[in-house]
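**Q** Sequences and hints are given; from them, build the entire structure.
So you can see what is in the structure, the chains are spelled out below.
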Amino acid sequence: MNTREVIIDVENLVKKFGSFVANDHLTFQVYKGEIFGFLGANGAGKTTAIRILCGLSTPTAGKIWVAGFDAFHQTEQIKRNIGYMSQRFSLYDDLTVAENIAFYGGIYGMSRKEIKEKTEVLLNKLEFSSQKNKLISDLPLGWKQKLAFSVAIFHNPKIVFLDEPTGGVDPITRRSFWDLIYEAAENGITVFVTTHYMDEAEYCNRVSIMVDGKIAALDTPEGLKNAWNANNMDEVFLKITRKL
Amino acid sequence: MRMLLIILQKEFKQIFRNKVMLPIIFVMPIVQMTILVYAATMEIKNIDLLIVDQDLSATSRGISSHFQGSPFFNTEISQMSAKDAYGKLESDEADLILFIPANMEHDLYRNGNAVMQITANAINGMVAGIGTSIVSQTIMQYNRNLVLNYLKVPDTRGIQHQISTTYRYWYNPYLDSKSFMVPGILTILVTAIGLFLSGFNLVREKELGTIEQINVTPIKKYAFLAGKLIPFMVIALFDLTLGLLFGKLLFDVPIVGNILVMYTMAIAYLLVVLSLGLLLSTISSTQQQVLFTAFFFMIVFMLMSGLFTPTESMPNWAQDVNKINPIAHFMRAMRMILLKGSTMNDVLSEFFILMGTGIVLMSTAIWRYKKAS
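Here the protein sequences come in this chain order: S and P.
Read in order, the letters of the first sequence are residues 1 to 244 in the working numbering.
Read in order, the letters of the second sequence are residues 1 to 373 in the working numbering.
Simulated from the structure, these hints should not be mistaken for laboratory data.
Where a beta carbon is used, it is the ideal one built from N, C-alpha and C, also for glycine.
Check before you lean on any hint, since a few could be wrong.
Listed below are several chain S residues computed to face chain P (Cβ distance under 10 Å; list not exhaustive) [what the hints assert, rightly or not]:
1. K79
2. G83
3. V169
Restricting the straight-line Cα-Cα distance to at most 27 Å, the calculated cross-link-like pairs of lysine-lysine (BS3-like) are [as the list claims (entries may be wrong)]:
4. P/K221 to P/K370
5. P/K45 to S/K144
6. P/K371 to S/K16
Some chain P residues well away from chain S (every beta-carbon gap over 12 Å; in silico) [said to hold, decoys possible]:
7. S70
8. Q79
9. L108
10. M126
11. E212
12. M362
**A** If you want it as structure tokens, here you go:
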């Protein structure tokens with residue numbers, strides 16, 4: 001974290017749906033290679049913000065730069081430099097593991113040869129080579145999510161956005177999912193992750209907590225615990241969301 | 001270009017893996033052609049004719065015998081009362097009743113005229129109208145022969161001076177309804193395949209949530225939409241070929257015109273249908289919505305298209321609506337090409353109307369489909 005190169009720069013981001021303000025003047029920066037946790041209760045505006053950063057939704061106002069591109073006008077350039085995995089499962093059920101990888105790799109303009117080689121490496125690493133030609137619909141949820149994450153970073157993006165990636169998964173699978181996240185971060189991919197699980201918040205380098213469309217706190221997990229005089233992130237979260 | 005190939009590859013794989021859709025794609029043309037062409041026939045046959053003969057004379061038997069063996073009628077002759085006969089009409093056992101009253105022959109020879117009555121169940125107006133006219137024609141014919149015999153005039157001389165009309169039916173000399181129906185059925189086939197398959201496809205990705213993942217990639221909008229259209233264009237053309245082949249082998253439907261002209265028209269028409277399907281799926285969020293709206297358009301356009309009833313006898317407002325009805329244009333072109341051997345020049349106006357409609361719908365669909373909200 002010594003370089004402190006800013007990769008996501010958000011200043012006064014506002015998103016309104018009619019008169020409802022989903023994101024109320026958000027300002028934050030995300031540094032290259034860090035794991036940035038984006039916390040908040042349901043309906044706090046996390047998904048809205050992540051969709052704007054991914055170019056899926058147009059912001060109402062603010063200055064937003066993602067991987068050096070403007071979120072108002074350069075969404076297609078942003079899309080070329082990011083990966084995305086949503087809480088709604090995103091691989092094609094009726095395609096096999098290898099076909100899904102090849103499809104998404106192809107869309108990002110990877111060559112056939114590159115896709116083939118990287119698929120081998122990936123499946124070996126996941127110890128999943130035997131399942132290569134299995135349909136996604138036949139896989140257990142935990143495996144689907146690990147694969148979806150691997151596909152999201154298959155084209156080696158600068159940033160990967162994860163929107164509640166571990167929903168409905170058992171603790172052991174969640175642990176191994178986070179091993180994949182750490183590995184991606186070590187390889188220089190910035191990870192932007194939303195979650196409900198406070199133990200996962202502890203794994204992040206820095207955490208922001210959103211309440212009612214605003215960022216209520218932003219610091220390292222240690223810093224937050226000290227500031228709020230709490231033993232763990234769970235307490236921090238409860239104190240922040242109840243006080244405001 | 002490579003992106004388009006990648007999308008096409010994915011779409012075809014998904015289509016061929018769909019265990020419900022795939023059989024329909026192959027079976028639909030065959031079933032539609034057989035059942036619809038054989039069963040949904042426009043020919044009038046098998047009318048149930050009840051002859052109530054209360055006269056039981058030579059003349060009445062002579063009349064009755066003219067109806068037996070007619071391909072139009074299933075004839076039953078009885079002496080029941082008028083009341084019983086009406087009962088038969090009511091219970092649907094008879095479509096037409098011919099009453100021959102007692103003393104008919106006596107009246108005919110004594111007074112020079114006799115009266116018979118035809119009663120028709122006109123719930124099906126077409127059966128009633130055509131049946132009645134065949135019955136009265138048959139009786140008039142019989143009457144004329146009777147007069148000739150009675151006057152002892154040699155057969156031919158009396159008739160020679162009558163004005164007679166002969167007729168020829170062009171393009172469908174034997175008035176075979178199959179020749180008329182097959183191009184219509186093929187149109188419906190292509191419409192159903194194109195509209196529903198393309199309509200469901202995109203909205204299904206919305207329902208599953210995979211569209212989000214697609215929208216967050218740098219995929220080109222036109223490549224994605226083309227990838228959604230081309231597979232169904234191919235499938236629809238394949239089904240058209242299969243249906244036509246089946247029609248040729250089974251019913252020997254005429255294919256007078258140039259087959260390439262037909263395919264050109266089919267491609268123009270499919271552009272319209274597929275774009276409409278795509279447009280519906282961009283404005284809908286569930287497959288139910290697409291099904292319902294697509295069904296609405298299909299039924300309205302189909303009823304007005306001239307498949308079952310001639311468009312020429314529709315009221316003016318309906319004919320005006322038909323100017324933008326793609327099914328009507330394509331069906332007319334199909335009949336012209338297949339039955340009359342019309343060339344590209346003859347169907348040029350239909351071609352331009354279809355292309356124009358297709359381009360408008362396609363542009364609207366592309367404009368409506370947004371990668372960001």
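**Q** Hint by hint, note whether the structure agrees.
**A** Status of the hints after comparison with the structure:
1. With 10 Å as the threshold, the beta carbon of S/K79 comes within range of chain P, its nearest partner Cβ sitting at about 4 Å, so the hint holds.
2. Against a cut-off of 10 Å between C-beta atoms, the interface hint on S/G83 holds, since the closest Cβ of chain P lies about 8 Å away.
3. About 17 Å separates the beta-carbon of S/V169 from the nearest beta-carbon of chain P, more than 10 Å, and the hint is not met.
4. Between the alpha carbons of P/K221 and P/K370 the distance comes to roughly 8 Å, so the proposed pair stays at or under 27 Å and holds.
5. Using a Cα cut-off of 27 Å, the hinted pair P/K45 and S/K144 is violated, with the two alpha carbons roughly 62 Å apart.
6. Taking the CA atoms of P/K371 and S/K16, the gap is near 19 Å; set against the 27 Å cutoff, the hint holds.
7. Taking the minimum C-beta to C-beta distance to chain S, about 58 Å, the non-interface status of P/S70 holds against the 12 Å cut.
8. Non-interface status of P/Q79 relative to chain S is upheld: no Cβ of that chain comes within 12 Å, the nearest being about 70 Å off.
9. Even its closest Cβ contact with chain S, about 78 Å, leaves P/L108 beyond 12 Å, as expected for a residue assigned away from the interface.
10. At the 12 Å boundary, the C-beta of P/M126 stays outside the reach of chain S, the nearest C-beta of that chain being 48 Å off.
11. Not every C-beta of chain S lies more than 12 Å from that of P/E212, the closest at about 5 Å, which undercuts listing it as non-interface.
12. Against chain S, the non-interface label of P/M362 holds: every CB pair exceeds 12 Å, the least being about 22 Å.
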